[in-house]
Amino acid sequence: MKMLVRTLDMEYETVSAFAAQAGFKTPSGDLIRRDTRGHLSSGLFPVWVLGGVAVVLLLLTTTGCGKTAAASYRLNMVESAKQRLKPEQEQQVATILAALFGTPDEPIAPSECGLDAAKLHLAAGPVRSDIVGRKNGLYREHCAHCHGVTGDGMGPTAAFLNPYPRDYRPGVFKFKSTERADKPTHADLVMVLRNGLAGSSMPSFALLSDAKIDALSEYVKYLSIRGEVELALMRAFFELDDEDQGRLPEDREFLIEEIVLPVAEAWQAAEDALIDVPEMAADIDMAASIAKGKELFYGNKANCVKCHGVTGLGDGQVNDYDDWNKVVLQAQKTVQGGIEQAGEASTWDMDADEAVEHRAELAWLDRFQKVLEGNALPPRTIRPRNLRQGIYRGGMRPLDLYYRIHAGINGAPMPAAKGTVPPEDIWHIVNYIRSLPYDFNGTLGVDKPMVARDRL
Amino acid sequence: MKRFAAVFWSLLFLSVPVLGVATFIVGPAYDIWLPRDVSEHGAAVDGLFYFILVLTGVVFIATEMVLFWFIWKYDESKSNGPGRYVHGSHTLEVVWTIIPAAVLLFLAIYQMNTWADVKMRRPNMSPTVEVVGRQFEWRLRYPGRDGMLGTPDDLHLVNDLHLPIDEDILIQLKSMDVLHSFFLPNVRIKQDAVPGMKIPVWFKAREEGVFDIVCAELCGWGHYKMKGRVTFEPREAFDRWLERKYAEQEATQPTGSEATMTSRAAARPALFARNEPL
Chain A
1 MKMLVRTLDM
11 EYETVSAFAA
21 QAGFKTPSGD
31 LIRRDTRGHL
41 SSGLFPVWVL
51 GGVAVVLLLL
61 TTTGCGKTAA
71 ASYRLNMVES
81 AKQRLKPEQE
91 QQVATILAAL
101 FGTPDEPIAP
111 SECGLDAAKL
121 HLAAGPVRSD
131 IVGRKNGLYR
141 EHCAHCHGVT
151 GDGMGPTAAF
161 LNPYPRDYRP
171 GVFKFKSTER
181 ADKPTHADLV
191 MVLRNGLAGS
201 SMPSFALLSD
211 AKIDALSEYV
221 KYLSIRGEVE
231 LALMRAFFEL
241 DDEDQGRLPE
251 DREFLIEEIV
261 LPVAEAWQAA
271 EDALIDVPEM
281 AADIDMAASI
291 AKGKELFYGN
301 KANCVKCHGV
311 TGLGDGQVND
321 YDDWNKVVLQ
331 AQKTVQGGIE
341 QAGEASTWDM
351 DADEAVEHRA
361 ELAWLDRFQK
371 VLEGNALPPR
381 TIRPRNLRQG
391 IYRGGMRPLD
401 LYYRIHAGIN
411 GAPMPAAKGT
421 VPPEDIWHIV
431 NYIRSLPYDF
441 NGTLGVDKPM
451 VARDRL
Chain B
457 MKRFAAVFWS
467 LLFLSVPVLG
477 VATFIVGPAY
487 DIWLPRDVSE
497 HGAAVDGLFY
507 FILVLTGVVF
517 IATEMVLFWF
527 IWKYDESKSN
537 GPGRYVHGSH
547 TLEVVWTIIP
557 AAVLLFLAIY
567 QMNTWADVKM
577 RRPNMSPTVE
587 VVGRQFEWRL
597 RYPGRDGMLG
607 TPDDLHLVND
617 LHLPIDEDIL
627 IQLKSMDVLH
637 SFFLPNVRIK
647 QDAVPGMKIP
657 VWFKAREEGV
667 FDIVCAELCG
677 WGHYKMKGRV
687 TFEPREAFDR
697 WLERKYAEQE
707 ATQPTGSEAT
717 MTSRAAARPA
727 LFARNEPL
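One line per chain: the protein sequences are A and B, in this order. Taking our numbering, the leading residue of the first sequence gets 1, the next gets one more, and so forth. Taking our numbering, the leading residue of the second sequence gets 457, the next gets one more, and so forth.
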């Protein structure tokens, strides 16, 4: 106390005078200065108190503050706004989903889905360790920052990526070995995880063990089934009669039978529904095959140049969207159109009922717009592949290219050639495409890229 | 009170060299030390590191001890007479400038040979593999049977680098987007991958094993997880692995035994015979 009083007595003139006499300047207002006896002290507190406070603060910054809240699933707000669900109805969907599928930390796999609960347990929840040497929470560690905890492709890093990470909820996957409208097999998901998608932001997880990749594929399936059930539930409100009073039946048997099973069965059916790929002849005349493939590429049946461009640079057309972005784009158009229309209407001529409806419509449009701004990523076009780079997202094996041409790409504008192009011809197109990165002015050679933007 | 302050601060400053030395002593017991070195030039690199560490360590401890002693001894409670202005000692200043300068000059010349081995004396060979850094993975391209990069028989892989032991290895390092740095801790190799440049990296591994490839230049949000794996194995195992991977890459059927896949890929003609017109 005495020290405190003494330092407060210090006068600025005395300090400056002392400083001038000592031959050095003290900048005004410094925290630590010399008092009249030349001793170091600070305006309010002794120096060592400041030092101690600094040390304590340093220690605190290393320990951090409290815990974060448990993760929870996010509702499909775009679909909910599209279906004009009321808050109680949204709540009911959330409750049903929680009862059927659990939470991100404690997932439940309905037995009818055929999902392995042990694998889900390994993949779900926060990163932690149940058994010494085994890490749980794989999805949260490796996937959630792009694909989101709900698997909606809207994790924290998603907005910075082009193309956006996959939204599992519609149950549509692009790169698989099954027909276009079918689900991918477990092996397809494993392959995507292992190899990544070359040319996109999806990395290769080949360095993870097989068991971990297996668990993650299972969890992706789980999130996809959950998302599809959510969509089906939201759309089911439209089918209700007046007597249901806007509530879905919550009988578990009914829900499983009518909604979950169809989804799960589609996944199980995919395991046996691989595309039948004919052998490429071992003694095939490669040059002739490539020539034939070129004919087909430029021909009318396959019509590849329409999108991939006359030089195969992927510049045939650049204004199309994939299905996930199309949903948001069309929703935006609906909202814009609705706002314009509602703006033209005048409540002056409306009777009471019409006015109420009109206001409800405006409220819905407003809500939808807010949902699109906060719960959806801005739509981005999808470009046809630049075939001159030799980078193919779904894999570069001849087999992968066969799958892409035969079944097209589900969710993307790439059409299926099945039915229009016979299987042997697909192999010719595959061989032509594989020669494209090495094709310069009609001569095949070592890679000297034709165009600057193709150079790596 | 003043004595307490002096003791407090002097002990605080003493804790720096004490804890510093303690971490160097205790660290290796917790596996916190230089990673295991399996390269040929690694011994020279590590030797330089130890030399500098000992040199600077001795100087560090000495100066910190002097600092502690001055704070301990010359505090206000013990010596509060007026300060004495000293003009300084010209001899002392010259001595403690010349000696460190000489040491630095020595170090600069001493390390030149090792630097040249690692960064200047490139072996005269074609690349074993091309490594392209990309956000956030390492894309690999092996030249294939014709030994040339950029032909259809190249093997394209991601993150899973295999290399033969006891052979000179030349890596052609590129970047597809931003600055990365190709860091193999266990081979004492680190080279920035600069967009637009093709940078040669060479070394020779002496032992088998599986080690990390790490990105050592901040390249974006995924920099921390831009990890690859390098496997050093004998030449025969390496060749077999290359064949197997190439057969997988050329697969035209969903499943197949290793043998049939390999033989089918081998039997099928190359995508084109070089330099023939389309």
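Keep in mind that the hints are not guaranteed to be accurate.
[Said to hold, decoys possible] The calculated lysine to aspartate or glutamate pairs, modelled on DMTMM-like cross-linking and capped at a C-alpha distance of 20 Å, are: (1) A:K86 to A:E357; (2) B:K683 to A:E141; (3) A:K86 to A:D210; (4) A:K212 to B:D668; (5) B:K701 to A:D210; (6) A:K212 to B:D616; (7) B:K683 to B:D616; (8) B:K681 to A:E141; (9) B:K683 to A:D400; (10) B:K681 to B:D668; (11) B:K701 to A:D400; (12) B:K681 to A:D210; (13) A:K294 to A:D400.
These are calculated hints, taken from the structure and not from any lab test.
Exercise. Could you work out which earlier hints the structure fails to respect and list their numbers in ascending sequence?
Key: Of the numbered hints, 3 and 9 do not hold.
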